[in-house]
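In terms of the numbering used here, the sequence shown opens at residue 1 and continues consecutively.
Because the hints were derived from the structure by calculation, they are not lab data. From a predicted model like this one, the values you see are computed outputs, not experimental measurements. Virtual Cβ for every residue (Gly too), placed ideally from N, Cα, C. Be a bit skeptical, because a hint or two may be false.
[Stated by the list, open to error] Label-pair restraints from in silico Cβ distances:
#1 Ala388 with Ser500: 51 to 61 Å
#2 Arg512 with Thr861: 54 to 64 Å
#3 Ala904 with Glu632: 53 to 63 Å
#4 Ala904 with Met833: 42 to 52 Å
#5 Met833 with Gly323: 36 to 46 Å
#6 Glu689 with Asn570: 39 to 49 Å
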Amino acid sequence: MFGFVINKLKNRKWLNLCLLMGVALFIALFVCHPMFEKGAGNQILDRLFTDHATQQNEFPAQMSREGTYVVADYPDSQSVLDKLSGYEKKWTEYVDINKVSSQQLITLSGGRADTEFGGLNHYFTIGYLPGLSEYADVVKSQTDTATFECSISEKTMDHYGLVAGEKIYLHVPDGSGKKEISFVISQICREKDINDPYWAKTLSDMGDVIFVSQDVFDEMMQYYSEDNISYSDFLMLDYRQINTENASLYDGYMEQFKDADKLYNDNIRDTLERFFTQQKTVKLMLWALELPCLVLLILFIRMISAQILSLEENDILVLRSRGATKLQVFILYLQQSGIIAFAGCVLGIVLGYIMCRAAASTDGFLRFTAKDIGTYKFVWQMLVYAVAAAVIMVLFITVPVWKKSKDAISEHSKERISKKKPLWEKCFIDVILLALSAYLLYNYNKQKSTLAISVLENRSIDPVMILDNSLFIFAAALLCVRLTGLIILLVDRLFKKHFSPAMYASFLQLKRTRYNQGFLAVFLIMTVAGGIFDANMARTMNSNMEKRIVYNVGCDAIYNEDFRLRIQKNKDGSVSWMYDEPDFGKYESLKNEGICDGVTRVLEDERVDISAGSGSISDAYLMAINTKEFGETAKLQSDQNDDINDAHWFNYLNELAKEPDGVIISSNLAKALGLKVGDSLNYSRYVPEAVDDDQIYASENAKVCAIVKGFPGYERYTYETDVEGNVTEQEKYLIVANYATVVEKFGMTPYSVWMNLSKGKTVDDIYKNLTSAQQLIDENKNSATVQITNGMFTLSFILSLIVCSVGFLLYWVMTLKQRELQFGIYRAMGMRMREVKAMLINEQIFLSFLPLLAGAGIGITATAMFVRLISIIYLPQKHNIGVNVYIYQSDMLELAGVLFVAVAVCYVVISRLLKSMKIAQALRLGEDS
Numbered sequence: 001m002f003g004f005v006i007n008k009l010k011n012r013k014w015l016n017l018c019l020l021m022g023v024a025l026f027i028a029l030f031v032c033h034p035m036f037e038k039g040a041g042n043q044i045l046d047r048l049f050t051d052h053a054t055q056q057n058e059f060p061a062q063m064s065r066e067g068t069y070v071v072a073d074y075p076d077s078q079s080v081l082d083k084l085s086g087y088e089k090k091w092t093e094y095v096d097i098n099k100v101s102s103q104q105l106i107t108l109s110g111g112r113a114d115t116e117f118g119g120l121n122h123y124f125t126i127g128y129l130p131g132l133s134e135y136a137d138v139v140k141s142q143t144d145t146a147t148f149e150c151s152i153s154e155k156t157m158d159h160y161g162l163v164a165g166e167k168i169y170l171h172v173p174d175g176s177g178k179k180e181i182s183f184v185i186s187q188i189c190r191e192k193d194i195n196d197p198y199w200a201k202t203l204s205d206m207g208d209v210i211f212v213s214q215d216v217f218d219e220m221m222q223y224y225s226e227d228n229i230s231y232s233d234f235l236m237l238d239y240r241q242i243n244t245e246n247a248s249l250y251d252g253y254m255e256q257f258k259d260a261d262k263l264y265n266d267n268i269r270d271t272l273e274r275f276f277t278q279q280k281t282v283k284l285m286l287w288a289l290e291l292p293c294l295v296l297l298i299l300f301i302r303m304i305s306a307q308i309l310s311l312e313e314n315d316i317l318v319l320r321s322r323g324a325t326k327l328q329v330f331i332l333y334l335q336q337s338g339i340i341a342f343a344g345c346v347l348g349i350v351l352g353y354i355m356c357r358a359a360a361s362t363d364g365f366l367r368f369t370a371k372d373i374g375t376y377k378f379v380w381q382m383l384v385y386a387v388a389a390a391v392i393m394v395l396f397i398t399v400p401v402w403k404k405s406k407d408a409i410s411e412h413s414k415e416r417i418s419k420k421k422p423l424w425e426k427c428f429i430d431v432i433l434l435a436l437s438a439y440l441l442y443n444y445n446k447q448k449s450t451l452a453i454s455v456l457e458n459r460s461i462d463p464v465m466i467l468d469n470s471l472f473i474f475a476a477a478l479l480c481v482r483l484t485g486l487i488i489l490l491v492d493r494l495f496k497k498h499f500s501p502a503m504y505a506s507f508l509q510l511k512r513t514r515y516n517q518g519f520l521a522v523f524l525i526m527t528v529a530g531g532i533f534d535a536n537m538a539r540t541m542n543s544n545m546e547k548r549i550v551y552n553v554g555c556d557a558i559y560n561e562d563f564r565l566r567i568q569k570n571k572d573g574s575v576s577w578m579y580d581e582p583d584f585g586k587y588e589s590l591k592n593e594g595i596c597d598g599v600t601r602v603l604e605d606e607r608v609d610i611s612a613g614s615g616s617i618s619d620a621y622l623m624a625i626n627t628k629e630f631g632e633t634a635k636l637q638s639d640q641n642d643d644i645n646d647a648h649w650f651n652y653l654n655e656l657a658k659e660p661d662g663v664i665i666s667s668n669l670a671k672a673l674g675l676k677v678g679d680s681l682n683y684s685r686y687v688p689e690a691v692d693d694d695q696i697y698a699s700e701n702a703k704v705c706a707i708v709k710g711f712p713g714y715e716r717y718t719y720e721t722d723v724e725g726n727v728t729e730q731e732k733y734l735i736v737a738n739y740a741t742v743v744e745k746f747g748m749t750p751y752s753v754w755m756n757l758s759k760g761k762t763v764d765d766i767y768k769n770l771t772s773a774q775q776l777i778d779e780n781k782n783s784a785t786v787q788i789t790n791g792m793f794t795l796s797f798i799l800s801l802i803v804c805s806v807g808f809l810l811y812w813v814m815t816l817k818q819r820e821l822q823f824g825i826y827r828a829m830g831m832r833m834r835e836v837k838a839m840l841i842n843e844q845i846f847l848s849f850l851p852l853l854a855g856a857g858i859g860i861t862a863t864a865m866f867v868r869l870i871s872i873i874y875l876p877q878k879h880n881i882g883v884n885v886y887i888y889q890s891d892m893l894e895l896a897g898v899l900f901v902a903v904a905v906c907y908v909v910i911s912r913l914l915k916s917m918k919i920a921q922a923l924r925l926g927e928d929s
């Protein structure tokens, strides 16, 4: 039996190889899913932890406990530290992650203190920090063996005006009352590397602590025997060891820690909660993006398997006539499909691994790179998916055999060409599905703002929103098949009397087989339309993201300078402050070195109050610029259709340059306060947050000299998230003033340095810690959601080209083979080869060329209808630049080129087959059949 099956496969080796290709691609795409899901999940985790560290300015994976112990319960400080270490050990028994660092701080309440050089009624706590000598540098030092030595932070030094060697007289309790103990400031410390994981709490965060040695701290515990020891314990863990496999387990353990110990805390669970939400989104997106491609491959496999089954129909009838039962025939073909599925499974696993790695390496549509894709590895679930896909393929290929296994050979005499109208055409399924797709589109478009907020809140997306375009393409393809049939009947009725014999025979064949040939038309339309939509969707997403980033940055690169804030407490109780400006000359030298074409200061403040008449606005966005330098440096990314503003933005800079006290304001600010060019307004600024959160220190009157809709670096819309995770949209109001005027009126405050790089230069030629538009674009391209989309659209586009070309060529070659007897009879009746070719060309026009044109039209229509809606998933924020649809001519030419080659090859093959066809052989074939 097995040998018979192998011979059957060899007899139609080319068809079976094509079937094997389709099965292998189907299994490969199926196998991609778990690998892509796990890899993207690990990438999301890594990104979330990194973003947390950047945004919260803390190590992203720390477990902590803060509280108090009664001093009398512990003989010395070491026993307290041992108790804290016990907690750390318990945590890591369950959350099995390597320890990066640990910070333990214990403090006594201290008390009121006076200082040697006149400071009175200060309040200090006494602390012991075991890692102080290892992780902190001594800025100044002075020893004094006569008193207890202590260390203080630079912040404490600045706040109280203390110096090294100065004595602190601390009033501590003893049995009879208060006792004065002298401490000498032997060291003033600062962190060696404030970004070191050890500094979960920085010295500034610890407050006014005088740090002492362990021996001194133990001695102090005697004075505070009836007091409490305050402690904080921070355990920093290697977050790179948290992955999709153990994230849920560790999250559960940490929830149990919190339930059992109210003093326990960590910053990992919030990150994991965001991860679980995003992971759900990734899973839905993967299935939504894979499903259309899987359907396309199923259509391809169905087309090939149907051709094979049609050719082997006689073999099945012969087997049945010789006594084989339906079950035996079914088992025979089950073995045949099992061999193909097994081979496809082996190839599919390897191919799926390669496809997933290739898709993960994309940083744009059809753009493969050599970037690090270490998170995308082989996972055991791929084997399960491969077996499941293989079983699906075996059943899909074999089940139709049961229907073909007739009970009598007489069935062979029945008409093979179906003249029955398909069920979908009778019931107008195409129209119903098209109406459903239109309704879903209308409904989703009405909910755009709600959907955008939902995406911003990291809620799961609705996969139907992504699949609706596939539903539209499929319904439109069925409708086109219906219309093509009507066009054939109409042309035949109008011109039947004028047809030549060849053309009459051609239309007769079209009318007889139009229901059978509809499958090819649907396949071609879905392939072409899907390829066009995938290309346009990917291009639109990437182009809009890049343009928005370029607009938001406003120039090639930005460096945020490090300004030191000096705060001094005056004798009258008031606080004075000032910023030390770094050397700006080092940036101006970049122009002389040919690295930058433009460099400028841009002072920014997002806490500005603006008032005009009876109206006022809070938290406006101030930019202070040098108009000439800013014009040479900044860039304004324009909209695809037209400029954002009514005139070129240089004109507004010129107006500002004429008015030293003038300002440029945004159009929404002008509308909110009822302002127009020439009106006056007043704007106020607050003292630095480190000094006071809510104190205005200066105001300035200004004249409105221009009103703009867009400006380099100005984002009109911002989004705020509350403690419950709800997102609200806020408008940002812009005011642009002259730099010299702002510094004169408000004093020097921090600014950023904007740069316009010379041609061929990159940020690596300056500093590595610059913020540049290109860096942000690269980071965005490497985000899991964008990477999945680019990867899947790229794979879908390539697979569309492959299956469309192979399917088209194979279908027509097999159709020609099946009609060999018919063409032989035509040739025997006197029809010339030229007429036979004309007949085939006419059939191809209606069965191939029209569907290909329809596919292109449907693809472009789907682009216009659905791309902006689906873009909400990737671009949920409102922006000064709207979402524009991008259609790249190169993508359309690539698709058209491949289809042209496929049609040309098909025509050449058909011509050669016709030339090699012999009338006698064809007629003998008819006698044998």
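We went through each hint and held it up to the structure:
In this structure, Ala388 and Ser500 meet the distance hint of 51 to 61 Å, their C-beta atoms being roughly 54 Å apart. Distance hint check: the CB atoms of Arg512 and Thr861 are about 31 Å apart, inconsistent with the given range 54 to 64 Å. A hinted range of 53 to 63 Å holds for the C-beta pair Ala904 and Glu632, which are about 54 Å apart. Separation of Ala904 from Met833 is about 19 Å and departs from the stated range, judged on CB atoms against 42 to 52 Å.
In this structure the hint that Met833 and Gly323 lie 36 to 46 Å apart at CB holds, the actual value being about 45 Å. For the pair Glu689 and Asn570, the supplied restraint of 39 to 49 Å is violated, since their beta-carbon distance comes to about 20 Å.
Hint violations for this structure: numbers 2, 4, 6, all remaining hints satisfied.
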